[in-house]
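A.B. asks: Sequence:
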Amino acid sequence: MQDVFITAAGGFLPGEPVSNDDMEEYLGFIHGKASRCGKMILRQNGIQSRHYALDKSGTPNYSNAEMASNAVQQTLNRSRISKANIDFLSAATTQGDMLVPGFASLVHHISGLPPMEIASFQSVCASGMMALKNAFLNVRAGEKRAAISCASEFSSRWFRPGFYEEYLDNSGQTDLSSDAEFLRWTLSDGAGALLLESDLKDDAELSLKLDWIDLCSYADRFDPCMYAGSSSNDIRQVQAWSSYSSPSEASAQGAIMLKQDFDLLYRMFPTWVGHYLSLVENGKITPDEVDYFLPHYSAHSLKQRMIKLLQQTGAMIPENKWFNNLAQIGNTGSASIYLMIEELFRSQSLSDGDRILCFVPESGQCIVSFMQLTAVRRERSK
1 MQDVFITAAG
11 GFLPGEPVSN
21 DDMEEYLGFI
31 HGKASRCGKM
41 ILRQNGIQSR
51 HYALDKSGTP
61 NYSNAEMASN
71 AVQQTLNRSR
81 ISKANIDFLS
91 AATTQGDMLV
101 PGFASLVHHI
111 SGLPPMEIAS
121 FQSVCASGMM
131 ALKNAFLNVR
141 AGEKRAAISC
151 ASEFSSRWFR
161 PGFYEEYLDN
171 SGQTDLSSDA
181 EFLRWTLSDG
191 AGALLLESDL
201 KDDAELSLKL
211 DWIDLCSYAD
221 RFDPCMYAGS
231 SSNDIRQVQA
241 WSSYSSPSEA
251 SAQGAIMLKQ
261 DFDLLYRMFP
271 TWVGHYLSLV
281 ENGKITPDEV
291 DYFLPHYSAH
301 SLKQRMIKLL
311 QQTGAMIPEN
321 KWFNNLAQIG
331 NTGSASIYLM
341 IEELFRSQSL
351 SDGDRILCFV
361 PESGQCIVSF
371 MQLTAVRRER
381 SK
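1 is the number of the first residue of the sequence shown in UniProt numbering; add one for each residue after it.
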């Protein structure tokens with residue numbers, strides 16, 4: 001088995017940063033009215049700015065695959081190898097641009113990469129880690145020489161008024177429920193990509209050795225928590241959007257909206273922390289040896305909940321070691337861990353031997369993932 005290194009990272013954030021005050025100018029006013037609880041949600045999530053792939057008329061400036069392709073291109077621009085050397089692509093997203101074909105096919109086409117093996121991953125936040133683990137194992141096993149793993153989200157298109165108004169008219173409601181409003185004011189657009197190689201170049205200034213990736217689903221214990229495609233998350237009552245008489249009927253019944261079950265979300269936290277403790281107990285994670293902790297979370301309030309539980313376990317990683325960019329770029333879902341790694345890469349703050357622990361929980365139906373990286377810094381050859 002070969003060692004695997006992240007040798008380059010790239011990101012793409014569409015357009016200029018959008019402030020809290022300007023959000024609805026891009027997302028649109030539902031039935032022409034400002035949100036009644038948007039400001040409260042923003043206080044909870046702590047996000048100050050984000051990026052949208054839409055302009056103020058609601059017209060897309062990029063597709064989801066184009067954003068991923070831009071992140072792939074930036075990664076290659078920062079690497080020491082060409083497109084011709086890449087022989088594997090894995091791509092992740094919550095929802096691709098098309099129902100068919102797979103997301104990786106579209107990214108492959110737009111990126112102009114040569115013929116190669118590809119893999120598409122569709123989940124929520126953890127899909128980015130699924131894609132990365134697939135690329136990691138392919139290189140580690142010697143199946144591939146160099147792999148690109150990318151993740152991209154185009155969440156804002158879910159939040160245009162047309163995704164809600166037909167349902168509100170049909171149900172007689174005047175305002176969205178909190179389970180739909182929260183995501184509308186929290187999720188945003190962006191993409192990230194990482195280059196994985198087994199051959200660490202002598203003149204590489206910084207690489208990240210990928211030590212391991214651990215991912216586990218607990219869907220056997222929970223109903224869907226963050227969901228779309230059904231009006232209910234009760235597995236016993238689920239009617240898929242495609243089984244309605246038409247897409248319009250599915251929309252009118254609320255089966256297209258993206259929603260979050262908050263009660264279920266909070267019940268997942270002990271499961272995520274319990275999985276973390278199991279990794280500590282079996283020696284995979286040593287909290288005192290972590291130099292940078294990159295946790296994904298969707299809101300500042302959820303971060304505080306996470307801190308409280310970790311402090312109770314006695315296995316808390318000090319907050320001064322936490323590295324997160326939620327406040328500046330918003331919640332980019334599956335791309336968030338890529339964009340954190342990319343920013344840490346650019347910061348030039350890493351020292352040889354620094355240990356980086358990444359944490360990506362997913363509320364879709366309870367998935368938890370961890371990844372450990374070790375910084376390898378070398379002096380550039382003369």
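Any given hint could turn out to be false.
For lysine-lysine, the following DSS-like pairs were computed, each having C-alpha atoms within a straight-line distance of at most 25 Å [what the hints assert, rightly or not]: (1) Lys39 with Lys209; (2) Lys209 with Lys321; (3) Lys308 with Lys321.
Beta-carbon label-pair distances, calculated as ranges [as the list claims (entries may be wrong)]: (4) Met98 with Arg36: 12 to 22 Å; (5) Thr174 with Glu281: 44 to 54 Å; (6) Asp234 with Cys37: 39 to 49 Å; (7) Thr174 with Val238: 38 to 48 Å; (8) Arg305 with Ser82: 38 to 48 Å; (9) Pro17 with Ala84: 30 to 40 Å; (10) Gln312 with Gln239: 19 to 29 Å; (11) Ser177 with Asp199: 49 to 59 Å; (12) Glu249 with Lys284: 24 to 34 Å; (13) Pro17 with Gln348: 21 to 31 Å; (14) Pro247 with Ala141: 40 to 50 Å; (15) Pro17 with Thr59: 32 to 42 Å; (16) Met1 with Lys56: 43 to 53 Å; (17) Lys284 with Gln239: 16 to 26 Å.
Honestly, the hints are just simulated from the structure, not real lab data.
Glycine is no exception: its CB is placed at the ideal position from the N, C-alpha and C atoms.
A.B. asks: All the hints need checking, so say for each whether the structure fits it.
C.D. replies: For each hint, the structure was consulted:
With a CA separation close to 41 Å, the supplied pair Lys39 and Lys209 exceeds the 25 Å bound. Distance check on the hinted pair: Lys209 and Lys321 sit about 19 Å apart at the alpha-carbon level, within 25 Å; holds. About 16 Å separates the Cα atoms of Lys308 and Lys321, which keeps this hinted pair within 25 Å; it holds. For the hinted restraint 12 to 22 Å between Met98 and Arg36, the CB-CB distance of approximately 34 Å leaves it violated.
For Thr174 and Glu281, the Cβ-Cβ distance of about 51 Å falls inside the hinted range of 44 to 54 Å, so the restraint holds. In this structure, Asp234 and Cys37 break the distance hint of 39 to 49 Å, their C-beta atoms being roughly 24 Å apart. Separated by about 27 Å at the C-beta atoms, Thr174 and Val238 break the suggested range of 38 to 48 Å. Between Arg305 and Ser82, the C-beta spacing of about 45 Å keeps the proposed range 38 to 48 Å intact.
Between Pro17 and Ala84 the CB atoms are about 35 Å apart, so this pair conforms to the stated range of 30 to 40 Å. Taking the beta carbon of each, Gln312 and Gln239 are about 40 Å apart, not inside 19 to 29 Å as hinted. Taking 49 to 59 Å as the suggested C-beta distance range, the pair Ser177 and Asp199 conforms, at roughly 52 Å. For Glu249 paired with Lys284, a C-beta distance near 49 Å fails the hint of 24 to 34 Å.
Separation of Pro17 from Gln348 is about 23 Å and conforms to the stated range, judged on CB atoms against 21 to 31 Å. At roughly 42 Å, the beta-carbon separation of Pro247 and Ala141 lies within the given 40 to 50 Å, and the hint holds. Taking the beta carbon of each, Pro17 and Thr59 are about 19 Å apart, not inside 32 to 42 Å as hinted. For the hinted restraint 43 to 53 Å between Met1 and Lys56, the CB-CB distance of approximately 51 Å keeps it satisfied.
For the pair Lys284 and Gln239, the beta carbons lie near 41 Å from each other, so the given range of 16 to 26 Å is not met.
Violated hints, listed in ascending order, are 1, 4, 6, 7, 10, 12, 15 and 17; each of the other numbered hints is respected by the structure.
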